[in-house]
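2 protein chains.
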Amino acid sequence: MNPLLHKVSTTRFVCEPFHSDFMGQLTLNVLGNHLLNCAGEHATERGFGMARLNEEDHTWVLSRMAIEFEELPKQYESFEIDTWVESVYRLFTDRNFAIRNQEGHTIGYARTVWAMIGVQSRKPIDLLSMHEGHLSDYVYPEKPCPIEKPGRIKVSAQMPSEHFTARYSDIDINGHVNSIRYIEHVMDLFSLDYLREHPLRRFEIAYVTESYFGDTLDIYIDSKSNEHQVEIKKGNATICRCKLFFS
Amino acid sequence: MNPLLHKVSTTRFVCEPFHSDFMGQLTLNVLGNHLLNCAGEHATERGFGMARLNEEDHTWVLSRMAIEFEELPKQYESFEIDTWVESVYRLFTDRNFAIRNQEGHTIGYARTVWAMIGVQSRKPIDLLSMHEGHLSDYVYPEKPCPIEKPGRIKVSAQMPSEHFTARYSDIDINGHVNSIRYIEHVMDLFSLDYLREHPLRRFEIAYVTESYFGDTLDIYIDSKSNEHQVEIKKGNATICRCKLFFS
Numbered sequence: 051m052n053p054l055l056h057k058v059s060t061t062r063f064v065c066e067p068f069h070s071d072f073m074g075q076l077t078l079n080v081l082g083n084h085l086l087n088c089a090g091e092h093a094t095e096r097g098f099g100m101a102r103l104n105e106e107d108h109t110w111v112l113s114r115m116a117i118e119f120e121e122l123p124k125q126y127e128s129f130e131i132d133t134w135v136e137s138v139y140r141l142f143t144d145r146n147f148a149i150r151n152q153e154g155h156t157i158g159y160a161r162t163v164w165a166m167i168g169v170q171s172r173k174p175i176d177l178l179s180m181h182e183g184h185l186s187d188y189v190y191p192e193k194p195c196p197i198e199k200p201g202r203i204k205v206s207a208q209m210p211s212e213h214f215t216a217r218y219s220d221i222d223i224n225g226h227v228n229s230i231r232y233i234e235h236v237m238d239l240f241s242l243d244y245l246r247e248h249p250l251r252r253f254e255i256a257y258v259t260e261s262y263f264g265d266t267l268d269i270y271i272d273s274k275s276n277e278h279q280v281e282i283k284k285g286n287a288t289i290c291r292c293k294l295f296f297s
Numbered sequence: 051m052n053p054l055l056h057k058v059s060t061t062r063f064v065c066e067p068f069h070s071d072f073m074g075q076l077t078l079n080v081l082g083n084h085l086l087n088c089a090g091e092h093a094t095e096r097g098f099g100m101a102r103l104n105e106e107d108h109t110w111v112l113s114r115m116a117i118e119f120e121e122l123p124k125q126y127e128s129f130e131i132d133t134w135v136e137s138v139y140r141l142f143t144d145r146n147f148a149i150r151n152q153e154g155h156t157i158g159y160a161r162t163v164w165a166m167i168g169v170q171s172r173k174p175i176d177l178l179s180m181h182e183g184h185l186s187d188y189v190y191p192e193k194p195c196p197i198e199k200p201g202r203i204k205v206s207a208q209m210p211s212e213h214f215t216a217r218y219s220d221i222d223i224n225g226h227v228n229s230i231r232y233i234e235h236v237m238d239l240f241s242l243d244y245l246r247e248h249p250l251r252r253f254e255i256a257y258v259t260e261s262y263f264g265d266t267l268d269i270y271i272d273s274k275s276n277e278h279q280v281e282i283k284k285g286n287a288t289i290c291r292c293k294l295f296f297s
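These protein sequence lines are chains H and X, in that order. Each residue of the first sequence is one higher than the one before, starting from 51 at the first, in this note's numbering. Each residue of the second sequence is one higher than the one before, starting from 51 at the first, in this note's numbering.
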């Protein structure tokens, strides 16, 4: 543990024009991108970033994410994201986030759940024993993250409502559809009228399997009032599941 | 003119993981986004940014862009973008860019052509007479931008090859498909195999008309060896035209 490093790191952002939607609000995919970048930098500074892990043939895998907010940053506004590790278990670690607007008011929180796997073996790594247990050095359960943990998502729709084909812009350096693009495709299910009248308040995603360039992905939706559960499948295989709550 | 402000401004970036493509290179749409942000900040600092213009009921309109490069920044690498104004004419102004990799080597250039219009009238504003001619204060034709100006693009294909529908993620605060998303849709025409074997070297785009949420846009393509000309149309109306040169 480096005593000069705080358990919480804070990064400042500005809501750029091309990161703003038709309402002039930060898009959820850009917010998700920022959260994951903050996670990456926090981990790297503390010795457990992707580059270091890759040397040991290990890699982080994002399993679940929940983002909940009362408002989103507006175009040209600055905002800050805190990130810290809430807990480390044998197979998973919980990393949380707080989002503050430019007045310093906390406007949202996020929770993420990560596993670590062997790059070659694809098997889970014991987080408590790796690096002589140093992963737990920065655990900070004292900082509150007052939103529900990501829960179970179950979609019962039998017929897909939409589909899309994974293209160049979807694919990351590992050859997979990147985790942020699923958020974008799910948000694209909604009309501007719906989004204008029903502000999004919570978004959850659970990643199950990877998908690849050229894959045709089917989208199944269960809607109940302002809650929508979405499943993205490739044939019979679930790629990811999402749950959206609009007010 | 503020004597403390240089004619050229320089901004530093890092190629983030979610801004990298399957080859670990900065995507062209993110590069375009960065160029336009640099333009916005350079203009704002010198008193002719969007916010100031909007107060006077004027707005900048991007007419053309050409980006040419020998390589693109790689994931996690830093890079810098210079921007400056090459010339101001009555109806158009030319703004150029240079892109340097983290070793300080110039890896690419870009040229943009802008007009200014009245927000209400949609009519062009005389750039030489507005703000008492101060727009010309920062003109810096001495700095070289050794790439060809954006030229004429003419697509003769009679049948569309692809189409897409403008969705939530395409739309900006003005209710239009944002100028960067067209770049993304055009890049998505190509397979990973093609892009791997034929590195993109030049991309040009000419914006003609706006498109809106729900519009179905047809894509027409003329290909000749490694040069592709692309036209995006809504019915008979041209929305934009692109030209791509791969090596």
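It cannot be assumed that every hint is accurate.
For lysine-lysine, the following DSBU-like pairs were computed, each having C-alpha atoms within a straight-line distance of at most 35 Å [unchecked claim]:
hint, chain 1, residue 1, chain 2, residue 2
1, X, K283, H, K283
2, X, K124, H, K57
3, H, K284, X, K284
Hints were generated in silico from the structure; no laboratory data involved.
Comparing the hints with the structure gives:
For the proposed pair K283(X) and K283(H), the alpha carbon gap of about 32 Å is at most 35 Å, so the pair holds. Using a Cα cut-off of 35 Å, the hinted pair K124(X) and K57(H) holds, with the two alpha carbons roughly 30 Å apart. The hinted pair formed by K284(H) and K284(X) meets the criterion: a straight-line CA distance of about 31 Å does not exceed 35 Å.
No hint from the list above goes unmet by this structure.
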